[in-house]
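2 protein chains.
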Amino acid sequence: MATFRFGQHIVKSSAVFLKTELSFALVNRKPVVPGHVLVCPLRVVERFRDLRPDEVADLFMTTQRIADVIEKHFQASSLTIAIQVYKFIAYTHVHVHVLPRKAGDFDKNDSIYDELQKHDRENEDVPSKWRSEEEMAKEATELHSLFN
Amino acid sequence: MATFRFGQHIVKSSAVFLKTELSFALVNRKPVVPGHVLVCPLRVVERFRDLRPDEVADLFMTTQRIADVIEKHFQASSLTIAIQVYKFIAYTHVHVHVLPRKAGDFDKNDSIYDELQKHDRENEDVPSKWRSEEEMAKEATELHSLFN
Numbered sequence: 001m002a003t004f005r006f007g008q009h010i011v012k013s014s015a016v017f018l019k020t021e022l023s024f025a026l027v028n029r030k031p032v033v034p035g036h037v038l039v040c041p042l043r044v045v046e047r048f049r050d051l052r053p054d055e056v057a058d059l060f061m062t063t064q065r066i067a068d069v070i071e072k073h074f075q076a077s078s079l080t081i082a083i084q085v086y087k088f089i090a091y092t093h094v095h096v097h098v099l100p101r102k103a104g105d106f107d108k109n110d111s112i113y114d115e116l117q118k119h120d121r122e123n124e125d126v127p128s129k130w131r132s133e134e135e136m137a138k139e140a141t142e143l144h145s146l147f148n
Numbered sequence: 001m002a003t004f005r006f007g008q009h010i011v012k013s014s015a016v017f018l019k020t021e022l023s024f025a026l027v028n029r030k031p032v033v034p035g036h037v038l039v040c041p042l043r044v045v046e047r048f049r050d051l052r053p054d055e056v057a058d059l060f061m062t063t064q065r066i067a068d069v070i071e072k073h074f075q076a077s078s079l080t081i082a083i084q085v086y087k088f089i090a091y092t093h094v095h096v097h098v099l100p101r102k103a104g105d106f107d108k109n110d111s112i113y114d115e116l117q118k119h120d121r122e123n124e125d126v127p128s129k130w131r132s133e134e135e136m137a138k139e140a141t142e143l144h145s146l147f148n
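The listed protein sequences correspond, in order, to chains A and B.
Numbering-wise (the UniProt record's numbering), the first sequence opens with residue 1 and increments by one.
Numbering-wise (the UniProt record's numbering), the second sequence opens with residue 1 and increments by one.
The following block holds chain A by itself, in its conformation from the complex (with noise of 0.2 Å):
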């Protein structure tokens, strides 16, 4: 079975659902949305700056694919795409993160921005608000389906 590698943590393959020759792209423990995913490359990357162009390639390449099928499996009106979303960041894994968006999905004072800050730390901090992994490798399998 293939290893992932997000920064030091090891990611169960169970919740990868695509990989290309030089990424991946995971289901996340902490959703900000139905749907809200991590693309990530697969060599152990700290910055964006680090990245190879072949790398950013592949990376956004895939981003896009995945983007595609985000968009329509969650019937999203629109989508956020953002990497390094902080002021004051941890630097652990390189990742993008896709996000469909719908109607009344955030409220102004409750913005995404916000949201994806809290996301990272939880993920990082309190385990017992995390999706079972039952849970996840059930949404990986679902969106692996689509790219077939």
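If you are wondering where the hints come from, they were derived from the structure by calculation, not from laboratory data.
Computed from a prediction, not measured in an experiment: that's the story for all the values here.
Where hints are given, some of them may not hold.
Which copy is meant is left open, because identical chains are indistinguishable; a pair holds if it fits in one copy or across any two.
[Claimed, not checked] As a list, the in silico SDA-like pairs of lysine to any residue whose alpha-carbon atoms are at most 25 Å apart:
| id | residue 1 | residue 2 |
| --- | --- | --- |
| 1 | K102 | D68 |
| 2 | K102 | R43 |
| 3 | K72 | E46 |
| 4 | K102 | L42 |
| 5 | K129 | L146 |
| 6 | K102 | E55 |
| 7 | K19 | L51 |
| 8 | K102 | E115 |
| 9 | K30 | K138 |
| 10 | K138 | L51 |
| 11 | K138 | P53 |
| 12 | K129 | T92 |
| 13 | K102 | V45 |
| 14 | K102 | S13 |
| 15 | K72 | A2 |
| 16 | K102 | H9 |
| 17 | K102 | E139 |
| 18 | K129 | L51 |
| 19 | K19 | E55 |
Got chain A sorted already, so can you dock chain B onto it with the hints?
For chain B alone, coordinates are given in the frame of chain A:
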């Protein structure tokens, strides 16, 4: 003199500080933070999914190059890179926001996401809030010199 288009709009070449084979980068009429710039495909494309693979690769390799220069030049502590940050967007022209981040540049209740929403609305609707062409040309010249 080269002509650049942003959807239906003509971009003055004096605001453009970098051009590659398939992309160009311009300074902002109303930057959300100092050093907030935009990277776009040369071809007029409304949505991310409509870009060809070579355009995606060039767009993000160019974004990476620009982000590195912008981060150093504006002495930022981190970067935000985002596309399609809106819930309901009037699609015009694909563009990648690059924002250098510093301590205290946004309060919790005045997040970058809200600022980016306001940013594009004001760019569309309130020309009196734009910077002068001279100010923009000065910054573009300064940034251009960093790529030589």
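*Which of the listed hints are broken here?*
Violated hints (numbers, rising): 2, 4, 5, 6, 10, 11, 14, 15, 16 and 18; every other hint is consistent with the structure.
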